[in-house]
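Sequences and hints are given; from them, build the entire structure.
Note that the protein sequences, when read in sequence, are chains A and B.
Residues 1 to 619 (the working numbering) are what the first sequence spells out, left to right.
Residues 1001 to 1356 (the working numbering) are what the second sequence spells out, left to right.
Derived by calculation from the structure, the hints in this document are not laboratory data.
Beta carbons are placed, not taken as given, at the ideal position from N, Cα and C, and that holds for glycine.
One thing to keep in mind: the hints can contain errors.
One-sided and incomplete, this derived list gives chain B residues near chain A with beta-carbon spacing under 8 Å [to be verified]: (1) 1141; (2) 1251; (3) 1309.
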Amino acid sequence: MAANLPTQSQVQGGIGVTESHTKHDEHLHHDEHHDQHWLFKYVFSQDHKVIAKQFLITGIFWAIIGGTLSSLFRLQLGWPESTFEWLSPFLGKWIEAGKLNPEFYLALVTMHGTIMVFFVLTAGLSGTFSNFLIPLQVGARDMASGFMNMLSYWFFFISSIIMFASLFLETGPASAGWTIYPPLSALPQAIPGSGLGMTLWLVSMALFIVSQLLGGVNYITTVINLRTRGMSMSKLPLTIWAFFLTAILGLLSFPVLFSAALLLIFDRSFGTSFFLSDIYIAGQALNHQGGSPILFQHLFWFLGHPEVYIVIMPAMGMVSEILATNSRKPVFGYRAMIGSLLGISLLSFVVWAHHMFVTGMNPFLGSVFMFLTLIIAVPSAVKTFNWLATLWRGNIRFTTAMLFSIGFVSLFISGGLTGIILGNAAIDIQMHNTYFVVAHFHLVMGSAAFFGLFAGVYHWFPKMFGRMMDEKLGYIHFWLTFIGVYLVFMPMHYVGIAGFPRRYYAWTGFDSFSQFADLNKFISAAAIFAFVGQFIFIFNFFYSIFRGRRATENPWNSTTLEWTTPVVPGHGNWPGEIPAVYRWPYDYSKPGAAEDFIPQNVPYSKTQSSNLPYERDME
Amino acid sequence: MIALGIFLVLVLLLVVFGLLFRIQILTAIFSGSSTREIGMSNRVNAILMIAFMVLGGGAFAYSFIDNYGKMNPPIASVHGFEMERLFWTTMIIIGIVFVLTHIALFVYSYKYQYKEDRRAYFFPHNNKIEIIWTVIPAIVMAGLVFAGWKEWTKITGPAPKDSVVVEVMGKQFNWLVRYPGRDLKLGVVNYRLIDATNEFGFDLSDKSGLDDFVAGEVHVPKGHPVLLKIRSRDVLHAVYMPHFRVQMYAVPGMPTKFWFTPTKTTDEMRAQLGNPKFNYELACNQICGRGHFAMKLNIVVDEPDDYVAWFAQQKSFSEQNPDVLASFKQKADKLVEKENASAAAAVITPATKASL
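So this is what it looks like as structure tokens:
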């Protein structure tokens, strides 16, 4: 019954895109891969597209875990007086006499942060789309090193297994917050999660960093060396620019986290004192002396801050691409978009200490970092205005990907603006570590990056799996999520302005914070509602892989190279020669052109009616 | 059994949902709507954008105004008022940007929705506009940085010389408070000397520590600068006093500080809020373990006279714990003996050396 569904749409192929496909005479090396053993085709594959899907599906798995953890601690925050006996079949001894164990609450918060930031929004987002799109959009057969690329996924896989296993430890997983500030993270006497749980966390993160570096080196090399004929850096789609700069950020900053983790391992296991000094705990004075916990924070945030841009920049790139495609308009200010990405990348390395205004750091440093932090608002503002200008006088198609891209812009504005408050050292004295911070980064780098991820999946799903995702379910998913996210995080600002501290198991002991019981209940209900809504996406995703409507080669009438490949590109991406590139990626609705899009591989000589004066020389 | 029932119901719901979904797809195919490139749903989504803006914006405005009263903890310090002004000024600026950009986003989405007979406007860039919207945010940011920097240097500048000094020390999971006593000098402490009675690790061989006293809550005088000296003896904690707009980490091995001037006594604040049970609270605001959420300390702001009276009543730690003091005396005596012995040795050694 289902077999005859797709045929109707199958025929209306990509229009004017297929020049390069006609050359089937050349028999290239990639065809040899067809008779590969399934183990090497689907599991230990070196094909960037398969690796991308592996990252994506692992990322989805982690997102479900991360979301479940947040629902658990939102239950506690929303209903601090209730008993959760009904959870004991799942949580076992962590429910003590009907109450959630406070240490386990901290473990939930810690693992939620770790999983979402690293495993979902770094590996799942950048890992998926950098892998999938870089070779396809620059016109390469695969990554520079397919083998290293494969290793990158499998290091991530091992790191995932270790992190997942740590959830089931007797003493609980790491519980010192996702920022794992020592001494709390260094001393098992301080919290049981800092025992084996923390050891596994550090081992897992070390492997994760190896995975990131292997991937990053590959992305950078591929973008620099394997661009097809004519694909100069100034003709790259903004997605590629974003992935490229993201990889550079990762390559420069992840090693610093690695060093921090290594020194912490030394302090924990070999008696050094990099981060520990003058500690009396559990009835005992420790021998550590001369270390500085603040040093760890500097090392951590030297990665930690670029990390938020590592998370958001790929989303920015994809959103730029999707907004242009579906507005049927060139992205506004292509060069300014690249410039602002460069500006953000550069500045992201010199703002880290704005996480540390009130740690006792020299106030002069605070002034410097406040200045640098607020500068970063300028390129971010430029990007936002350019997105708005891209919509202006467009001819907008609301595909699900487009909806999520518009949602991204909205969330990026809402969350980004409060960064101006937090980046101001004088105001941060009051706001630091309150729910205002939680609301800020969940909007600007959490939800926004998730929206970028969703937009990317809906947009490139046809190229990944050769089928379309269901649009109606997509619309429902979008509106539920968009409304849900705002219902969760807008009220969180109010709670934060009142000074409600984050990572509190309960606030009922404080008069200052206990006035928001109803609002907390509301936030919790909205969070669980939004989380449950995500299962619509998961259903749609897996259903469509197998039974979705069949896709055409270029379902969105887009201009970039990936849409010139067959419906499901094989290993090697193009059956014939790799197409050459003649123009920038945003020739949408060009006056005088027959179609409202001109793919990058169409030479100027074929579009004489629409060429601009300066393009005439290139005919 | 109930769990099984719930599970079965969930599975059944899933099956029903799946079937409905299939039926919807089939009807779409029969009605032909699945082949239309841009259908009714485009219009519906465009309208939803506007609806979201109007309803969402309205709900946000309503809830914001509704919660505004609860949002602002009453201010009780001099710099708190300045900080509050800076905060709400910035809020107004970003609020304007928030509203304008969102109106643009949603109105454009609605207005420029797909129409069959329209073609998008080819508008790749415009240097003039781009320069304008780079420079304007830069100027606004420069203003905010300057205002923030001025306030920040004032707050974090050196405390006035005549400040009342209070030491607060964080430990899992409560706060300890120490005052310098009549000599206004805090005595030497050493973490290796900490035990169940000597929780601060007083080194009482230091004379200036003899009159130091510990307290169960913080008392500070109104209208007088207070210098908080902050320490931790195990993991990181943070002193957070929302009413005074004060926050500073407590770091083991690295003493920190923060000074502020209280403006309202506890009684005045109780009268102002009409809440006779009101207390200024100090919360821990850096994750520190199981009891993090309950690390509370009360702060009492007194009239200066009451403060002086309270201060005079306090008994020093050494007076309250004569045995601790005695143990230091013994140690000191031993030390003196040892020093004498080693001094004697020192005298001998060169002589022996010389003889060799």
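Going through the earlier hints one by one, which of them does the structure break, listed in rising order? 3
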